Amino acid sequence: MIEQPPRRSRPATSPAPERRGPADRAGPPVLSLRGARQVFSTPRGDVPAVAGVDLDVRPGQVLCLVGESGCGKTTTARMAAGLAEPTGGEVLYRGAGLRGFGKQERAGFRRAVQYIHQDPYASLNPVRTVYSTLTAGLRRHGLAKGREQVRRAAIELLERVDLTPAEDHLDKYPHQLSGGQRQRVAVARALAMDPEVIIADESTSMLDVSIRVSLLNTLGALRDDLGVGFCFITHDLAVAKYFAWDGEIAVMYLGKVVEQGPTPDVINDPRHPYTRALVSAVCEPDPDLARTKERVRLRSADIPDLTDLPSGCDFHPRCPLYEQGRCDTERPPLVETGGRRLLACHVADGPG
Amino acid sequence: MTPKPPGRAADGPLLSVRGVDVGYRTGRRTRLTAVHDVSFDLYPGQSMALVGESGCGKTTLGLGLLRLLPRTGTVSAGQVLFRRKRGDEVDVRTLAEEDLRRFRWNEAAMVFQGAMNAFNPVLRVEEHFLDTFRAHEHTRRPRAELLEESAELLEMVRLDPARVLPSHPHELSGGMRQRALIALALALRPQLLILDEPTTALDVLTQRSVVEQLTELRERLSFSMVFITHDLGLAAELADRVGTMYAGRLIETGTTRDLFHRARHPYTSALIGSVPPVVGDLHVPEPLPGGPPGIDELPPGCPFAPRCPRVTEECTATRPELRVLHPRDEGLSHAAACLHADGAELSTRGGHP
Amino acid sequence: MAVTTSAPAAGVWGTIARGLTRTTSGIVGLCLVLSVLAFAFVGPYLVDPYNPTDTTAIWGPISSEHWLGTNHEGKDTFVQLVMGGREPIWVGVVAALITVAIAVVLGGIAGYVRGRIDHFLLQLTDITMTIPFIVLMLVVASFYRTSSPLVVSFIIGLVTWPFLMRSIRAQVLTLKEREFVEAARLQDLGTARILFVEVLPNMAGYIFINFIIAITNAIYAVVGMYLLGLLPSTADNWGLMIQQAWDNNAFLLPSAAPFLIAPMVMIMLFQIGLVTMTRSLEQTLDPRLRDR
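Protein chains in written order, with numbering that gives the first Met the number 0: chain A, 0 to 351; chain B, 0 to 352; chain C, 0 to 291.
Among the hints, erroneous ones may be present.
Unchecked claim - The list that follows gives simulated cross-link-like pairs (lysine-lysine, DSBU-like), each with its CA atoms no further than 30 Å apart:
hint, chain 1, residue 1, chain 2, residue 2
1, C, K175, A, K171
2, C, K74, A, K144
3, A, K171, A, K144
4, A, K102, A, K171
What the hints assert, rightly or not - Calculated Cβ distances over 10 Å to all of chain B for the following chain A residues:
hint, residue
5, D53
6, A111
7, Y130
8, K144
9, E147
10, R151
11, D207
12, L221
Hint data in this document are derived by calculation from the structure and do not stem from the laboratory.
These numbers were taken from a predicted model, which means no experiment stands behind them.
Just so you know, even glycine gets a beta-carbon here, dropped at the ideal spot from N, CA and C.
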C-alpha cells in the first residue's frame, strides 16, 4: 500500500510482522473481546446492551455480527474499537488488555483498529476536501512527509479503494460525491492508518444495492490482499453471507451471542430458532423461491424490553420450540456443538 | 404470493397513467423533470412494485399519482386516470381541491416512508384515526362509532387497539407504527394503496410481519397496490408485476417472473444480479459500476448506456422507447426500453424457464 | 441559529461571499457598508483636512463652500464627518475581533474538553457578565483618562465575549458528537487539531455573523461612551460630534441640525448595512431559513 513511509512501530510488547499475508491468516486473533459487557444506566433502570460476549477477529478473516436493531451489535463494535469502555470484561489487542495500555501502546492500538461508520454523509467533515481528510492522519503520524509524498500516498489510498481516477477526486468536497464514493473515502481514511482490523458498522446499509456489491468487493480485496481483519456488523443476511463466506457469523440477540459458526453452515443450516427465524424471514429476490421458502412463525413479534428481560432463555417468549419448565427457568449457555459451531439453546439439536 | 383477488378487470384499468411527467421548480425560471413520460395501466387487485436506485424518480412518481408532491413539484404533463368507486373515471391531475381531498383516502391512500414522520408526534393514534375519518368522509358520525371502526382496523393488522389507540406514536415500536399507518391508510377502504418503502428501516422479523399482513389484507380487502422499493426481495415477494425505473423513466415492466427470470433490460438484470438470495450456495453478485446520471445531465442516447455492458454505438445516439416484447392482457405485457431487448435473455438466475 | 455544517463547502470564504451576494438585501447591505467604509477611509485623502476654527461662521448654513454647514466653532461639518469615521469603525472592528477571538477559543475549549475547565470557564463568563459595562468605563476613564482607541477597543472586547462564548460552547457540544469528529479521534489527530481544524471551521459562518454583530455592538458602545463624555475629546469622531452637538444645544438651533444629524445618519447607514448583510448571510448559512 503506502510504500514510502516506514511502517510504524507497534507496541513494544508485540513486535510487528514485516508484512501480513496469507501466511498468518489463521494466526492468533488481533482483537478479542472477553466477557465484554456494557451496561447503560438510564432513568428506567440499567440497560444491559451487551451482556458478556467473547469474540475474536483474526488477520485476513471476517467476523460478521448479525442481529436485529437493539441486539447490541453496534455497542459491541464500539467497545472493540475502543470507542466505548466496557463496563465489564475486557478488550484484548494482540493478547494484551486495553486497560493496562500506556499512552504509546494505546496510540498504536488506536491506529491499528479502525472503525467505519454507517453514514458516510455524517462521517466526513463537510468543510474539508477529500485530500485533507485523507492526509490529516498521514501527516500527523509522520507516515508520509513532504508535499509530493503525501499527495502520492493519498492517490494510492484512493486507488486502493477503487476511487479512480484518484486525481479527480482529491480536491472534491464530500457534498460533491455520491454516497458510495463518500463511503470509499471513509474506507481510504481508515486505510491511511494501515490498520490491522477494520470494524465496519452497517457500512453498506445506506448504499444502493448496486453500489453495495462493489464496495463489498473493495473491502474484500483489502481483506485478501492486505490481510486486514474485519469485524463486520450488519442486519442484512445477504451482505453477511457474501462478505463473510469464508469467515464466521455470530448471531446476537439481546446483547448475547446465541449462535456462532462458519458462515455457510450458519446460513444454510441454522440451529438456533432465532437464527432460523432470521434466515427464513428474509425476502428473497426470486418470486418462486419466495413462494416456496419455509417460514418460521414466531410466537410473538415484539422484542422484550432490555430493562425487563424474561427469565431463562431471552428468546423463549417468541420461540416456536419453547419447552415449558426448561426454557423459561434456565439460561442456556453458549456451548460448542462440533464443527466450530457455538449454540445457546436447550431445545435445538446439535449438528445433524 | 396471493391468489389474484376477484378482479373486475372487465371494467378496464383502475389506474391508467398516460405519459406522465413530474417536475420540480428549482429556481425562478428553471425546472427539473424528475419523471419523464411514464405510462402504465393498473388493473383492480394488482400489486405493482416500482424498483430502482435512489434518485431514479420512483418516489416522485408515487407522490405525483396522488398529487402529494411538495409545493415546488407538479405533474406537468400527461394524465392520471382513476376509476372511482361509483364507476366514473377522473383525471387526478385536473381534480379540484375539494374533490382531491375526498379522492385521497376514499379512493387511494398513501403510506409514507418513515412511519415516525408520518404521524404527528403530539397526537395520540386515536386522534389520527378520528382526524382521518372527519377530514375525508362525506357524513359526520359519532366519535364512539369512529373509534370502534378504528379498533377494527387495528385488529386487522394484529395490533391491540386498547393499547395502541391511546398511545402517542413514539410509544410504539417501528413495526407497530408501520402497521398502524397501514391500518390508517385503509380506514376508508381505498381501492388503491401507494406505499413508499414500506419496510425500509425495519428489522428482518418486523419486515416479515408487515409483508405477511399486507398479503393477508390484500386477500381480504382486494385493493390494488403500488409500492416503491429498492428492496428487490420485497418486490419479488409482494408484487404481481414490477416496473423498473431509471433516470426518471420506466425502462422495463412486466410480471414479477418476467423481470426476475427473463429480464430484457440490462439494468434490471444488473439490479437483480446484485442481490443474491440468502439461502443456498455463495452466489457471486455482479457489481454494477458507476451511478445513475443526474436528471439534469442525461446523455443523449439511452440513459443507461454509460454503465451498460452491452452498449453499442447506436445506444449512445438513440434513446430507446418502451417496447412491448410479450403482449398480455391487463397491463401485464413484458416491455423494455432497450435497443437490444430482442437479443438473448439476460436472466442472471438460470433454471427457471 | 443552527450549526452551519450543512452549508455547501466551497470553502468558508466562498460560502460567505455567496451568502452576501445571493439575495438583494445582501447586495444592498454590502454596498452600504462598502460606501460608508470608502467614505470614512478613502474620503480623508480626498478632502483638505485643514479645518480651522472660524468664529465668524458659527453654525453656518449649508452652502456650496460648507456642504453641511459649520459647527459651534465654525469648523466645516462635512470635513469633520469625513475625518470622523475612521476611529469608531476601527474601534468597533478591533473590539469585535477581540470578543470573537476570546469567545471562540474559550467556547471551543469549554465545549470540547468539558470537565473542570468547562466548569471554570462557565464561572468566568458568569462573573464577566455581571460587570456593569458603563460603570467599568467610568472607573477606567476617571483613572486613566485614556484617549487611545486601542485601549477602548480592548476594554469593550474584554467585557462583551461571554454571550458569544456560551453559544459557541453549545454548538461545539453538539458538533463534537458528530461522526466526523469521532472519525478524527479514530485517526488520533490530537485534541487541538480536532477542535480548531475539524470542529470550528464548521461554524465559520456562524462565527462570521457574530463578528459582524459584535462590530455593530462595539460601535454603539464607543459612540455611547463619547456621548456620555467618558472619553476625552481628541480627533474628529462621529461620536464626539454628537456629544458636542448635544453639549452646545444644537438641537435647539435649526441651522445646527446637520452637525447633529449627519454623524447619526452615517452610523445608522453603517449599522443598517451590517445588519442587512447579516440577515442575508444567515439565510444562506442556516438551512432552516433558506427559502426553497
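For each hint given before, does the structure comply? Return the numbers of the non-compliant ones in rising order. 2, 4 and 11
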